[in-house]
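S.K.: Protein chains in written order, with the numbering used here: chain A, 1 to 233; chain B, 1 to 261.
Hints were generated in silico from the structure; no laboratory data involved. Predicted, not measured: the structure shown is a model, and the values here were computed from it.
Footprint (simulated), chain A over chain B, 3 or more residues, beta carbon under 8 Å:
| no. | stretch |
| --- | --- |
| 1 | 53–59 |
| 2 | 87–95 |
| 3 | 103–111 |
| 4 | 147–158 |
Partial selection, computed: residues in chain A whose CB lies under 8 Å from chain B:
| no. | residue |
| --- | --- |
| 5 | T116 |
| 6 | M119 |
| 7 | D141 |
| 8 | R142 |
| 9 | V143 |
| 10 | Q145 |
| 11 | A146 |
| 12 | E149 |
| 13 | V150 |
| 14 | A153 |
| 15 | I173 |
| 16 | G174 |
| 17 | D176 |
Every residue, glycine too, gets a C-beta built ideally from N, C-alpha and C.
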Amino acid sequence: MKLAICAGPATTGKTAVLRHIIRKLQDSGQRVAFLKIDVQYAEEDEQFAREFGIPTRKVYSGELCPDHCNVMVLGDALQWARKAESDVLLVETAGLCLRCSPYVDGGLGLIVLEATSGMNLPLKVGPMLSLADVAVVTKIDRVSQAEREVFRARIQDVAPGVRIREVNALYGIGIDPLVDHIRAQADAEESMLLRGNPPVGTCTICVGKKEIGWQSHFGVVRALDNQTFYRGE
Amino acid sequence: MIDTITILTGFGRSGELEAVPRIDLKMGDVVSIVGPTGSGKTTFINDIELFADANTPTGRRILINGERPPVEYRDDPARNPIALITQHTTFLSDLPVNEFLHTHARIRITNLAERETAIERTLSFANQLTGEPIALESRMTELSGGQTRALLIADATIICNTPIVLLDEVENAGIHRTRALELLRQYRKIFIFVTHDPRIALLSDYRIVMQRGRITQVLHTDAEERQLASVVSRLDDILSSLRDKIRLGERLTSLELEGVA
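Construct all of the structure, not just a fragment, from the sequences and the given hints.
M.R.: The structure is reproduced here in C-alpha cells:
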C-alpha cells in the first residue's frame, strides 16, 4: 500500500486537488482510503465517502498540534487502511505550523500552494515546503505572469529538489503527473520516521503557563534582542 | 527555438467535431479568437496555456514544432514559453512598480545592463498603451485598470519575453489598441487575442470563430477587410475622443462627427 500526505495552508485547494487524484486513481482501478486531520472542523471525509464510496476517517487534533496528531495516529491509520485492503492511503492535513512538516520517509509528501498568496509565501512556509516531494501550485490564472514566475522561482530557491506542478483544480488539468508520482511511490513500511526535525524543546506555554514575557518562563526561552541565543536548557 | 504551435482540434459541447482538423500558428502571427459569450474562447486559450493533451473537456492537443511539448516547459519557470493575461489576471503585489519590475526581471534576465534596459523598455511600452503615465515609485496596487493592463502586457512581452502571448479580452480596460498591435508586431512572437473588438479582429492576420464550444471557421483577413480596418479604426478613434472629451467635462459639437454622419 502506498502513502501520500498532503499539506498546505487553508483554502489553497488541497481538497479540490485530492478529489481529482482520487477520481483518477479509482479510474485506474486503485482502491483508495482517505484520512483527514484537522484542528476543529472538516467534512471532506463525508464528501469523499459519498462521492467515491471509499473508506474515510477524520481526526480532530483539538488542542494538539495537527502535525503532532499526525505522528500519533498515522500508525493506526496505516493498519486501518491495510485492513480495508486499500492500495493507496491519502492523508490530508491542515498545515498550520510553519516550523514542522507532516511528511514521513516512505510516503509521498505533497504541498498545495496557491499562486494568489503572494510572491513571498514560498519563503515563509519552511519545512512544509522544503521537505515536500512535490509542490502543487493552484489558481495560476489569477495572478500576473510576473508573480507566477517569481512564485515558482522562489519555490525553487527554497526547495531546489521539489518538483513543481501547476494545476487547474477546476478542470483537473495537470493532475495526471501527481497520480503518476503516487503510483511510482514504494509501498509504505510497517515502521516509518518523520522526515523533518521537530521544533526544539518542551515548552512551558504548551504545559499551560500563560504569562507574557520570557522572564516568566524557563527551559527554552528567547528575548526580542539576541535572536539566535537560546537561554536556559 | 519555437517556430510553430499546432492545435489538433477536438469537439464542441454537443460532441460535434470542430470544423478544421488542425490550426498551425507561426512565429509573427497575430490571431484573434472571436465568438459570442460562452462560446468557448477562454477554454481554447486555457487549452493552449496548459498544453492540453486530450485531457481537457475539448479533447484538443497542443504541439510545439509539431511535437509534444517537452516536460521542462512545465517544470522550469524560465523555460515556459507561454505568457497568459486573462480577464481575471491582476497584480497582487503592493511593491512599488520599480521594485516589482526588478523582482521579476531578476529571475528572467541575469545580465545587469540588459535587465535595466528591459525594465526601461517595459515602462516605456506600457506608457504608450495608457493615457496616464505610470510612475516607477507608485505602488502596484495604486495603478488604474488601464495602467495595470498596459503593464501586464508590457511585462509579459518584454521581461517574460516568451514566444507566445495569450491575451484574453484586453480591450476592456482602456488601452490604445492600435498602438498596442503596432508595438506588439515589432516583437516576433505569436499573439493570440480573445476579443469582441472589431478593431483588434481586423488588425489580426486571421480569426478563429467559435460557437458552442467548437471552432466553426478560420477566416483570414481579406483585402476588403484590410481596407475596412482603417475606417473602423477611424470610427473607433472618434468614439475614443468623444469619450475623452466627456471625461474631461467638455461639450460635444456636430464637428466631432464630421465625415461620419
